[in-house]
Amino acid sequence: MNAARTVEVAKDSSMLKQKEMISGNYRKLENAVADGRKVAATFVPGNLNELIMCFDVVNNLPEINAIQNGLRKKTGGYIMEAEKRGHSEDVCTYVKADLGMIAKGNIGPDGQKLPDPDLLLLSYTGCFTFMKWFELLRDQYKCETAMLHVPYQGDGQISKNMISYVVKQMKEEVIPKLERVSGVKFDIDRLRENLARSAKAEEDFVWVLESAKAKPSPIDAYFGGVYYIGPIFTAFRGTQDAVEYYRLLRAEIAERLAAGQGPVTPAGDMPAERYRLVVEGPPNWTSFRDFWKMFYEEGAVVVASTYTKVGGLYDQGFRHDPAKPLESLAEYCLGCYTNRNLPARIDLIEQYMEEYQADGLLINSIKSCNSFSAGQLLMLREIEKRTGKPAAFIESDLVDPRYFSPANIKNRLESYFQMVDQRRAGGKSVPARAA
Amino acid sequence: MRAFIGIDLGSTTTKAVVLDENMDVLGRGITNSRSNYDTACKVAKYEALLAARFTLLQRGLASAVAAETRLEDFLGSLERSFRLGQFVEQLDDLEQTCLDKAKGERFKGREGAIAEAIQAIFVTLRSDAPALFARDARRKSDFFRDLAGSRFMAVGQQTAKAAGLSYDLLLNVYDKAIIEVENRPPSGEIREKLIGALDRLIELSPELSDLVADLAAPVRRALDIPAEEVSVVGTGYGRVTLPFSKEHIRSEILCHGLGAHMMYPDTRTVLDIGGQDTKSIQVDDQGIVENFQMNDRCAAGCGRYLGYIADEMNMGVHELGPLAMQATRSVRINSTCTVFAGAELRDRLALGEKREDIIAGLHRAIILRAMSIISRSGGVRDQFTFTGGVAKNEAAVRELRQLIVANYGDVVININPDSIYTGALGAAAFARRAVAN
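Respectively, the protein sequence lines represent chains A and B.
Last residue of the first sequence: 721 (my numbering), numbering continuous.
Last residue of the second sequence: 425 (my numbering), numbering continuous.
Hint data in this document are derived by calculation from the structure and do not stem from the laboratory.
Check each hint, because a few of them may be wrong.
[To be verified] Distance condition first, Cα-Cα at most 30 Å in a straight line; then the derived DSS-like pairs of lysine-lysine:
no., chain 1, residue 1, chain 2, residue 2
1, A, K486, A, K428
2, A, K501, B, K30
3, B, K234, A, K579
4, A, K675, B, K234
5, A, K499, A, K305
6, B, K234, A, K696
7, A, K418, A, K454
8, A, K499, A, K486
9, A, K696, B, K380
10, A, K499, B, K380
11, A, K696, B, K30
[Said to hold, decoys possible] Computed far set for chain B versus chain A, every beta-carbon distance over 10 Å:
no., residue
12, F42
13, N160
14, A205
15, I241
16, G330
17, G366
18, D398
For every residue, glycine included, the Cβ atom is placed at its ideal position computed from N, Cα and C.
Whole structure, please, built from the sequences with the hints as guidance.
In C-alpha cells:
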C-alpha cells in the first residue's frame, strides 16, 4: 500500500514538473513583447533549441500548439476556419489547425494570445509540408526566415559532406540571422553548456524508453511515450528543467520496474500485459484518451514506437556533444526519424520488434500526412515477412476530429488482438467439415 | 444433441448457425436485426435451433420412410404447420397489443368502434393465414413484420372505410404495436410447438394422413432428444451488446476467415461485402487470419451503397442485380462515394443512358472499391472465397469474376449459397473449439 502510494506521488512529480514547464514556456511567450524578448517559431524534428537558447530567444512550436489544441478539442473549429480560407481538405491538419488558430486571433492552447514570431526558423528534415507552412506564415508575418536545408538520408547514410553542408548553413545563414533578430552575439561556450545538459537528459530519456524491454513493460512507449518526449522534443532540450524532469521520470520508472508494475494509464495501473506492440506513425490527438483506452482495456502495451523518434533517435546511440557543438546539431537534424528513408525505417522497426520482444506491429496511418504515410503498407509487408509476426493497419488523423471513427478503429484493433491470440495459439485448428 | 452456436449480429440481418460435435451444420437461422440486437439474437438462435431439430428429424426418420421425397414432403409440411402456428400466435399477440394501444385520451368516444374494427381485421388475418403457409404458397418475406403488415394494411383500409373510422388512426395503432411484438422473442419450447404442428398436420395436409400416423411415434422420439447448448460465440458489429463474457465474443474478421475456411478449406483470400463494411482477409491453411484490410472512414462500396441506389431508383435492392444483368454496356461511374453516386446516377439518366447500363456501372464501381481493399490486404491468392449479402447479387459477382481474372489470372472463385452465414459458421466453430480446448 505504502509502495503504491509512493509511486503515485512519484508519478505526479514528473507530470507536475512537465506541466509547470509547458505553462512556463507559454507564459514566456505571452510576456515576450512586454519582456522585450524575441520569438522564434520552429518545428519539432531537427529543432535547434540549444542554439536558439544562446540568443535568449523564446521558442514557439506550431506543431505543439496544434497538438495541445487537439487534446483540448479545439482543432475542429480551427480546421474549418482554415478550410473556409481556402485550404483544402487534404492539407496537413497541423497546418490548418495553426492557420485557423491564427485567423481566430492567435489565442494559444492555454487561452492567452501568442506573440507574432520575429523569426521563422525552418529546419527542413524530410517533411515538405513544413516548407509550405512557413511560406504561409512568412506571408502572414512578413518576418525574417531562416532555412536550414537538411539533406534527406536517401541512401540511409550520413556522410561527412552532409554534416559540413548543414554546419556551413548554420554558420552562414542561421546564426547570423539569430544574431540580427535578437541582437545577441553568438557564444559557442554557451552552446556547449546547453548541449552538455541535453546529453545528460538524453541519457535518462533513453533509459526510460529501454525500460520497455522488461516484461511486463513499466511504460507504454507510445501513449505514455508522447508525454515522455515532451520536454526533449520541444523548447526544453538543453535546459536544467529537462535534466530535472528526466531524472525524476527515470526514478519513477525504476520504481515501477523494480515492483514489476505495468504502465500507468488514465484508468490507473494497467493490470496485465497481454500484447506487446510496436507502433509506427503519430497518434490521433483529438480522441487520444479514447484511442489509448482501446489498447489498455485489452491489455495491449506499446513497447516501442517510431513516433517518439521524430525529434531524434537517441536510443540508437546519438547524443548531443559539447565537444563538437555545431557538428552534433547537424548530425541530430540528419538523424531524425522523418529524415530517414524507407529501408532505414523498416530496419529500425525490425530491430524494435526483436529487441522489445513484440507480438506484432501496428501502423496508425495518418490521412493528412503523406510524408509519414507513403510506403507504410510496404513497410508492413516487409516487417511481416522478416519477423513472421502479425501486423495491422488502422487509419485516423492527427488533429482533425472528423477522421477518427471509434467503432471502426476499435473493431480493427479487437480483430488484431484476437489475430495475435490465434497466431500465438500456434494455429490449433478445427477440422474443416461444414460446408 | 450437443449444440455449438455461432451468432453473427450484422447491421442488416442477424444470423445463427448450430454445429454438432463433429462440426457438421445442424441448422441455420436468420432474422432482421431491427434496432434490437438482443431480440434479433434470440430469434436467430431460435430459428437455427428449430432448423437443427428438423435436421435431427430428417436423420431420425430416414429409416422409417422409404421414399426420400415423401420424407421431404412430410418435413416440409410439418415446417409449414409449425410456421402457421407461430404466425397465428404472433397475430394473437399483435391483436392484443393493438387493443392495448387503442386506449386513452386520443381514442375517447371511439374506443368501442376501434376495438371492433381491430378484432374484425384480425379475424380476417387469422382466416387468411393458412393460405400463406399452404403448399407452394409464395411469400415475399418470411419476417412477421412484412407478412402481417401487408395484410393489415390491405384489410385495414376496407375495415376502416366500412366502420367510418380513419385508416391512419388504425395504422398508427398498428405501427406502435408491431414494434413491441417484433421485439418480443419467441416464447415456448420448440418441442411442444412441433408436437402441436404435427397434430395440425392432418387437417392441413390430409393427403399425408397415413404418413403422419406412421411417423407420430418416431417424431416424438426424435423430439425427445434434448438439445444442450454447450457453447455460444457471438460476432458482428452488435457483438458488444451480447450478454456474453469476453471469451464468447470474436471479431467478425476472425469468424469470416474461419467460416470461409470451413466452407472451402483451400481458401486463402476472403472478400466479404456486408451492409456496412467491406473486408478482405488473408487466411492460412488452417483458416487463421494472416492479414486483413477494411474500408475505414467511409462506407462507400458496401452493401448499403446498393441499398441507397435502389432507394434512389425506387426499386427493391434485390431487383438491382437482375436489372444490371440486362445491360449491354457498363456506364462508367467515377464516384465511389455513395451519395455522389446518386448524383451521378441522375446525371447519367438525364443524359439518356439506359437504366440497366448505369446500374451495371454502379456494380462495377462497388467491386472496383473492393478490389482496392483486396490489393491492400495483399491481393488474391488461390482459392478466393466471396461472402456476405452482396455475394448473392449476380451482377456484382459477374463484375468481380471479370476483375479477378483480369488482375490475378485463373484462380478458383468460391461462392457458397449459404455465404451469408459465413461469420456465424466461424463463430460456431470457435464455440466448438473453445470446448475442445
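Hint-by-hint comparison with the structure:
no.	hint	result
1	A:K486 / A:K428	violated (38 Å)
2	A:K501 / B:K30	violated (43 Å)
3	B:K234 / A:K579	holds (16 Å)
4	A:K675 / B:K234	holds (24 Å)
5	A:K499 / A:K305	holds (27 Å)
6	B:K234 / A:K696	holds (15 Å)
7	A:K418 / A:K454	holds (23 Å)
8	A:K499 / A:K486	holds (21 Å)
9	A:K696 / B:K380	holds (29 Å)
10	A:K499 / B:K380	violated (50 Å)
11	A:K696 / B:K30	holds (25 Å)
12	F42	holds (17 Å)
13	N160	holds (34 Å)
14	A205	holds (31 Å)
15	I241	violated (4 Å)
16	G330	holds (20 Å)
17	G366	violated (7 Å)
18	D398	holds (23 Å)
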